[in-house]
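Q: One-letter residues, chain by chain:
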Amino acid sequence: MALRLELRPEASRAMLFVAPMLAIALTVATGGLLFAALGFSPLPALKVFFLSPLGDLYGISEWLLKATPLAIIAVALALGFRGNVWNIGAEGQLIMGAVASGGVALALYDVSGAWVLPTVLLAGIAGGALYAGIPAFLRIRFHANEILTSLMLNYVATLFLAWLVHGPWRSPEGYNFPESRMFTDSALMPILLEGTRLHVGALLAPLVALVAWVILSRSFLGFQIKVIGMTPAAGSYAGFGPKRVIAFTLMFGGGMAGLAGAMEVCGPIGQLVPTVSPGYGYTAIIAAFLGRLHPFGILLASLLLALTYIGGDAAQITLGVPLAVTQVFQGMILFFLLACDVLIRYRVRFAARPSLGGAA
Amino acid sequence: MTAPLAAPLPVPRLALKGITKRYPGCLANDGVDLAVMPGECHALLGENGAGKSTLVKIVYGVLQADVGEILWEGEPVRIDSPAAARKLGIGMVFQHFSLFESMTVTENVALGTGDPSPLPELGARIAEVSQRYGLALDPDRRISDLSVGERQRVEIVRCLLQDPKLLIMDEPTSVLTPQEAESLFETLRRLVAEGRSILYISHKLAEIRVLCEAATVLRGGRLAGRCDPREETAASLARLMIGADFAPPVREAQEIDRSGAARLAVERLSLAPLVPFATPLSDISFSVRAGEIFGIAGVAGNGQAELLGTLSGETLVAVPDAVKIDGEAVGHMGPRRRRERGMGFVPEERLGRGAVPDMSLADNALLSAHRTPGMLKRGLIRFSRTRAFAEKVISTFHVATSGPQAAARSLSGGNLQKFIVGREILQNPRLLIVAQPTWGVDAGAAASIHRDLITLAEGGAAVLVVSQDLDELFAICDRIAVMCHGRLSEAQAVRATDVEQIGMLMGGVFHLNEGEG
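Top to bottom, those sequences are chains A and B.
In terms of the numbering used here, the first sequence opens at residue 19 and continues consecutively.
In terms of the numbering used here, the second sequence opens at residue 140 and continues consecutively.
Hints are supplied without guarantee of correctness; some may be wrong.
Here are the simulated DSS-like cross-link-like pairs (lysine-lysine), alpha carbons at most 27 Å apart as the crow flies [what the hints assert, rightly or not]:
no.	chain 1	residue 1	chain 2	residue 2
1	B	463	A	261
2	B	463	B	516
3	A	261	B	516
4	B	304	B	156
5	B	156	B	226
6	B	516	B	531
Label pairs and their computed distance ranges (CB to CB) [to be verified]:
no.	chain 1	residue 1	chain 2	residue 2	range
7	B	471	A	184	48 to 58 Å
8	B	365	A	36	17 to 27 Å
9	B	361	A	36	33 to 43 Å
Calculated from the structure, these hints are not laboratory results.
These numbers were taken from a predicted model, which means no experiment stands behind them.
From the three backbone atoms N, C-alpha and C, an ideal C-beta is built for every residue, glycine too.
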């Protein structure tokens, strides 16, 4: 018996949907094996990871709280991925969004008014978008690969934020801890559910997905993105400027990452600290692909990946395993997804020997 | 099969019996028989899509037949790889060469044949073989410095070094000037005289009639007939190949108004290579008037692709004045701005440039026709309009497809070309530039595309056709110029020139003064 991959005459549409399901199933199964290897009985351990965190309203609110930045970033990144623009720098753009919004929030420390929060959030969008403008400029002007430049800028952003909170923006009342002052109420996101940390930003995620869907499926800009992504030569034949698409998708991705960053520091965190994100900018890349680069698919994928964050917390507390279990699960999802995607173009055949021809 | 049994017939070198090959959704070969005798030059004739390529790929071991038998000198054989085919004594020269540009002739031959002998020794053998068969070739030259005809000689010599008994040639003259083709025929005749067999694939009837003594004709994957081409006329061969009588459109002699600004004027256009091994353009000048069909002939790779890029606007030129539309300098404008000035463009690559393979025809209509009023509204696409436009193209130009939602890749080459040409024509261009309008397109579709171009010119548009097919250019053009090594010859009125003269120009003999539009 030999396994053989055979090219499908046509890419399978069904597999487009089945592959992520299969990847999730394989991730859960392998996760069970992993727990077993660590000496836990697999089923209860998986229950701790995937189900128990959602057992009460607070758990659900935390789940949605973590899914929000993932979805907002992933939806925007997917626009770029559709157009062959590979922004791997959402994490850095998120941080710069947090820095810009935090800076404005600190500057308006003594000011109150309904306009403060929108201003702070807009500053976050601008910060992320401008930061993503750097790889966009380098790609357009010098043909520098945006994967490398945007990725490397993540570390610059991390260190920049660290310098700010250790130095100039350190709180005067903070006992020398590396953190800024707490933002005042007018710069904080209104809470959606009393007694939880879930804020109105959660409502923005479906809205961003809707906007992205309109751009991608209904607008001429989205058409240009898709043409350039699928067939660059056809784009240049039609005169669609790749520069515009590169600039737009990178800066839209950066802007949304910046918004997510702003909502983190104006939401659950409430101040600038050295670490404002548990890797949302990276995990969003997984969410984008798991959601098939489709805005609504990404909403669902973000919910699943958010679960790995709170599941990781729960597993750490209940089972005493390291928090890295979150990354392990995220890594497995991406790994299995990429493997399962082979089935979109190929099908598996069992054959006694390499076949001699048309035998089915 | 029905041969008389009395005299012992010579055993065919290669015999195919009932070869059938099925691809998803299409039967490429359906019970095809073929016999090639020793010392015979055998033509395999058929239109594009008739199944010629599939059949020879089966013979050369690139593909395996689903059903059928291959006999080699009377013995049944299995040919499951090109290596196995070469071992039997089958050599093949493909239409598209596989040579390393940056290596010498000898190095390429060594790589292609896996010959372990030292390079100088191999070089000597290459020189010897090329001498013997009249294939002038310097073993130490780099491929990048060779013309297309010389590259083909490298491929042929590479085959001959293995002393093949059967040589398969796939459309060899499509990249040659008429004079180069004549010298290739000389070589092939020598090979045949030595007792080698040649399987010669072509759709050019004239050359088959002078070269081959037997022909097998395929049509729609099936055997359409066998004949001796020397005893047939071009018309009778065409009937066998196409299956119907067939009258190509004719372009009447035209009076062209030469006053005022030309629709398209190219003046002293030069362009340095943008990528390694691209052909530089030097000092190209010509003009196309309203109502005129202007042809640019030439062997592929002589700068046509680079010239087309500067005309479509995909490549911008340093001097805007070098390209003018209606007297306005457009050399610095991209494709969209040139389209706004009435230009339409049909690129050589249909799938992958002229159309996005995975998008529907409706979306592909939008690709170039997005300026058409009503297609866009505040940046949003009006899908009913794009669909209607695609439907109009499909019905006006008789595109065989399931409808505007069909993906571009699902169309045959000819139908996709009709769609793209139709999409450009329905935008009422004042200037239409078409590259290789009927390359790889079946005769029926080719005739209909030619008719559409003629009608467009009669309506007052200027039409520029860039093609390798001299027959096509002579059929539809008013004037022809020739590209060679990035230069363009002076234009010749079709009625005042002939294939011979254009062929000389294709070979680079520009005896006339240059630089005039």
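Q: With reference to the structure, classify each hint as holding or not holding.
A: Checked hints:
{"no.": "1", "hint": "B/463 / A/261", "verdict": "26 Å, holds"}
{"no.": "2", "hint": "B/463 / B/516", "verdict": "31 Å, violated"}
{"no.": "3", "hint": "A/261 / B/516", "verdict": "23 Å, holds"}
{"no.": "4", "hint": "B/304 / B/156", "verdict": "20 Å, holds"}
{"no.": "5", "hint": "B/156 / B/226", "verdict": "21 Å, holds"}
{"no.": "6", "hint": "B/516 / B/531", "verdict": "20 Å, holds"}
{"no.": "7", "hint": "B/471 / A/184: 48 to 58 Å", "verdict": "51 Å, holds"}
{"no.": "8", "hint": "B/365 / A/36: 17 to 27 Å", "verdict": "51 Å, violated"}
{"no.": "9", "hint": "B/361 / A/36: 33 to 43 Å", "verdict": "40 Å, holds"}
Consistency note: the structure conflicts with the earlier hints numbered 2, 8.
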